[in-house]
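> Take these sequences, add in the hints, and give me the full structure.
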Amino acid sequence: MADRIQLNPKSNAKLSRRGLIIGGLQTAFIAGLAVRMRKLQVEDASEYRLLADENRINIRLIAPARGEIYDRNGKVIARNEQSFRITIVKEDAGDIEQTLYSLSNLIKISQNDAKRVIEEIERSAPFLPVTVRDQLSFEEIARIATNSPILPGVSVEQGLSRVYPLIESYAHVVGYVGPVSDNDLKDGNESNPLLKIPRFQVGKVGIERQFEDVLRGSAGVMKVEVNALGRVMRNLDRKEGKPGNNIQLTVDTELQAYIQARLGSESASAVVMNCKNGEILAIASSPSYDPNKFVKGISYSDFNELRDNEFRPLASKTVQDAYPPGSTFKIVTALAALEANIISPKDNFSCDGKMEISNRFFHCWKKGGHGEMDLAKSLIESCDVYFYELALKVGIERINEMATQLGLGIQHDVPMSAITKGLVPSREWKLKNREQEWLVGDTVNASIGQGYVLSSPLQLAVMAARLASGRNVKPMLTKSINGQNVHDDKEFEDLKVGKANLNIIRKALFKASNDRRGTAYGSRIINNKYRMAGKTGTSQVRNITDAERENGVTKNEDLPWKRRDHALFINFAPYDDPEIAVSVVVEHGGAGSKSAAPIARDITLQALFKGTPPLGVYPAKDRTAIFEQQKRLREILQELEMNRKNKA
Amino acid sequence: MTYLEYKIRAVPKGFSKLFFLNWPIILLLCAAGAIGIIMLTSVAGNSWHPWASAQLKRFFVGFVLMISIAMTPIWFWKSMSVLAYITSLGLLVLVEFFGSTGMGAQRWLDLGFINLQPSEMAKITLVMVLAFYYDWLPDERTSKPLWIIAPLALIFLPFFLVLQQPDLGTSLLIVIGGGVMMFLAGVHWGYFGAALSLSVAGIFAVFYSRGKDWQLLNDYQYRRIDTFLDPSSDPLGAGYHITQSKIALGSGGWTGRGFGQGTQSRLNFLPEKHTDFIFTTLAEEFGFIGGISLLIVYALIVVFAIIAAIRNKDRFSSLLIYGVTFTFFLYFAVNMAMVMGLAPVVGVPLPLVSYGGSSLLVLMVAFGLLQSAHVHKPRGVI
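One line per chain: the protein sequences are A and B, in this order. The numbers in my numbering rise by one with no breaks, and the one at position 341 of the first sequence is 341. The numbers in my numbering rise by one with no breaks, and the one at position 319 of the second sequence is 319.
Hints are computed from structural coordinates only; laboratory data are not their basis. Warning: the hint list may mix true and false statements.
According to the in silico footprint, chain A covers these stretches of chain B (three or more CB under 8 Å from chain A) [claimed, not checked]:
1. 49-57
2. 172-186
3. 282-294
No residue lacks a Cβ here, since even glycine has one placed at the ideal position from N, Cα and C.
Printed below as a string of structure tokens:
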């Protein structure tokens with residue numbers, strides 16, 4: 001072993017040589033690293049600095065407060081309310097299921113919610129809060145707060161949520177808001193970043209949707225420093241957005257609520273308009289629904305109930321439904337004939353209950369007929385045969401023209417959803433849509449508002465307002481936006497109808513409601529200052545066979561609801577200086593004189609008196625019943641008021 | 001090997017050995033360790049916890065371990081070489097069965113007090129056993145084919161075991177480390193030429209096999225290679241780490257953003273900010289000045305170690321010092337090349353700076369061996 005101590009100089013030299021080679025390579029590599037470091041950190045530094053800033057600053061949007069909606073008296077229809085929701089953060093909560101279980105002992109958490117939370121948590125980053133439940137009551141928050149030690153990762157967050165304090169009154173007018181859906185992202189809205197704010201809500205129907213742009217406001221911007229996972233590390237800058245504009249409507253909440261109560265459980269609708277400036281004072285459909293349920297997310301069972309209800313609570317019948325206007329349309333036919341100078345008010349026809357036109361019998365509603373009829377009488381007693389005669393002479397063109405001038409068959413510009421155009425037929429229309437020639441019988445049917453003619457309660461109210469004022473009144477629902485009046489006070493231009501002719505019609509309508517023979521005599525107002533002029537309408541929704549006529553037409557009460565006639569009534573009041581125009585449609589309500597006219601009268605009086613009218617304006621024999629009815633409605637309204645207060 | 005093999009009187013005894021330690025290297029190691037503690041404090045958001053305090057303790061333990069090993073004669077360690085090598089192979093086999101999984105590979109062995117990474121240990125024990133082998137092997141046999149087989153086996157045993165984990169990066173580093181040992185020992189150039197041509201052919205085969213039934217590497221390994229070759233191709237996916245790392249580095253500029261101000265590294269744009277990617281934090285917060293300082297510290301360690309190796313006339317000691325130095329070099333060179341986008345992302349920590357007990361302790365042990373070789377070098381021989 002001794003030679004091993006004697007180190008081998010040759011091999012040692014070789015080792016040193018190779019060691020130097022390796023050392024040289026190492027040094028070269030280190031030098032390379034230094035050069036690279038210099039390139040990155042000195043030469044390209046500014047470029048990387050820029051990239052770094054982009055990396056860490058993230059711009060987030062702050063949802064603006066949505067504009068509020070008021071009625072004409074400043075009563076709040078839609079506002080925003082601080083709402084509380086509970087969220088859960090996975091990385092703080094640890095055992096999610098355990099935490100959810102503890103939570104469910106304190107507040108109600110549905111199976112669906114629990115499942116959704118677990119799914120969402122699995123999908124998102126562990127530090128992102130996942131909403132467990134929205135719209136908690138103070139009581140629930142208090143319960144969570146006192147139990148916070150056993151609820152790791154659970155926190156209560158604040159936000160704004162839409163509230164409709166009047167509950168059902170304006171569901172069909174104002175609509176409701178809801179979470180952004182794929183549908184909302186269509187039509188060039190895809191790139192609107194505001195819509196991508198989590199839990200952002202947009203108008204779904206009604207004014208909330210029509211005035212979405214006005215109500216929404218603009219988003220605020222929050223600059224935050226985030227890490228690569230998106231977690232906010234620091235707030236750098238915050239610029240609040242612009243809240244949405246407030247909207248004041250022309251509607252009067254007290255009147256609206258009264259009408260809703262008066263319509264009661266009927267499937268009905270009513271419109272009250274100022275016949276001078278076109279302001280809609282009330283526009284109500286019955287039955288209604290609670291829009292707040294939609295904001296919170298309506299349950300399937302609640303929604304199905306609304307959807308499957310025969311009375312269609314979700315429909316705003318005032319604008320989206322069109323009914324055969326029935327005898328209310330006789331005004332159009334009569335005015336068209338007068339304007340065309342085809343008849344004079346004094347011309348008589350004889351009504352014997354039916355009329356044969358091209359081998360077909362057209363019947364009057366009154367079996368046996370009305371006898372000798374002139375224009376006024378035919379309107380007052382609502383004789384059909386008189387109008388059949390008239391129709392043959394006037395023709396559908398003139399009827400169409402007059403109907404359009406009175407506001408039928410056109411889409412009125414009010415900010416509600418699914419506004420119908422209704423239908424005023426013409427030869428061209430039938431050829432195009434039915435691919436059939438126009439028949440004389442079609443004109444005959446149209447003359448009494450049957451056949452193809454369809455109009456919405458809003459259109460009927462507009463017609464009444466135009467008759468009353470003689471002007472081209474346009475309906476308006478918006479009074480002001482952000483305090484700025486939407487429409488100026490200029491008067492509408494006159495209708496292209498002779499004043500004398502208009503007066504003939506007005507007088508006839510007055511008599512229809514005040515003459516002993518008038519169809520609406522039972523619903524008259526006896527105070528001279530408030531008397532109204534109106535026209536009943538009863539529109540058939542079924543064909544009456546000859547056999548049925550022989551044996552006597554089945555009474556409405558004996559028919560299934562769906563086959564009963566629609567009851568309609570339009571009127572304006574006071575007769576001497578008209579202020580308001582009213583239309584009422586009671587679906588399958590039977591005779592207009594029996595079910596629609598009394599409602600219209602009560603609404604008219606309520607609107608004119610701006611509250612409960614004195615019993616003295618009613619005919620003496622009705623007063624006891626009216627007194628009872630007023631009492632009952634007051635109770636309903638008080639209950640409604642209590643309900644609102646409780647919810648608030 | 002016995003004590004008598006050296007001139008005993010020339011070797012320092014007892015605590016006087018302390019004076020014969022290679023102090024420049026020790027001070028440089030402490031400097032690197034201090035930089036590590038500072039950076040770990042920074043990435044924790046200027047907090048002592050959770051990393052800096054633990055790292056300091058480990059550094060202290062490692063330091064004591066290093067001095068203890070340094071005080072023990074090198075011939076004792078030399079005699080332990082084969083045993084150490086076999087032990088590390090055994091641990092590599094063990095990790096295969098009992099190791100805990102991390103990052104898609106089985107690398108860790110929980111020994112209760114420490115999470116040991118046997119592949120780290122194997123790097124050093126391979127250096128030891130090869131130094132032992134070439135110290136024992138007569139010079140003239142070094143390049144004989146028959147005597148090439150044994151070291152190749154010694155290298156490829158741990159290589160395959162680590163590859164099995166699977167950890168391609170570390171296994172390649174083991175081969176490179178072993179190859180350098182053979183080169184230092186004087187194996188003929190021709191072998192290395194042949195090996196180089198073979199590996200070129202191998203690389204070609206690896207790329208050629210992609211997508212075929214006999215694909216040689218895993219998909220994730222191909223992706224890493226892709227990412228390395230063109231990180232911008234997928235900046236938010238596989239290339240994310242490299243891109244983010246370069247942004248962090250580059251945004252540091254000359255002097256950096258200042259301690260604790262590194263947005264990129266602190267804001268979690270970077271993965272493993274306290275381990276493999278800690279250099280980016282240093283470079284971002286202290287800029288080029290900070291980065292180059294650490295590189296100089298490392299370079300000086302290499303330089304001082306090579307000087308020590310050249311001056312050491314004992315073949316085992318000299319080979320051991322070269323080997324330890326080269327292993328150390330591989331750590332920081334590969335790590336830095338990786339964060340600067342010059343090498344694919346492989347799990348190699350920045351020595352003495354990255355958080356992690358295993359690599360720190362292994363390195364301190366290695367430097368203890370280096371110091372022992374230095375202290376007990378033959379003096380006054382011929």
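> Hint by hint, say whether it matches the structure.
Status of the hints after comparison with the structure:
1. 49-57: violated (count 0)
2. 172-186: holds (count 5)
3. 282-294: holds (count 5)
When the structure is compared with the earlier hints, a violation turns up for hint 1 alone.
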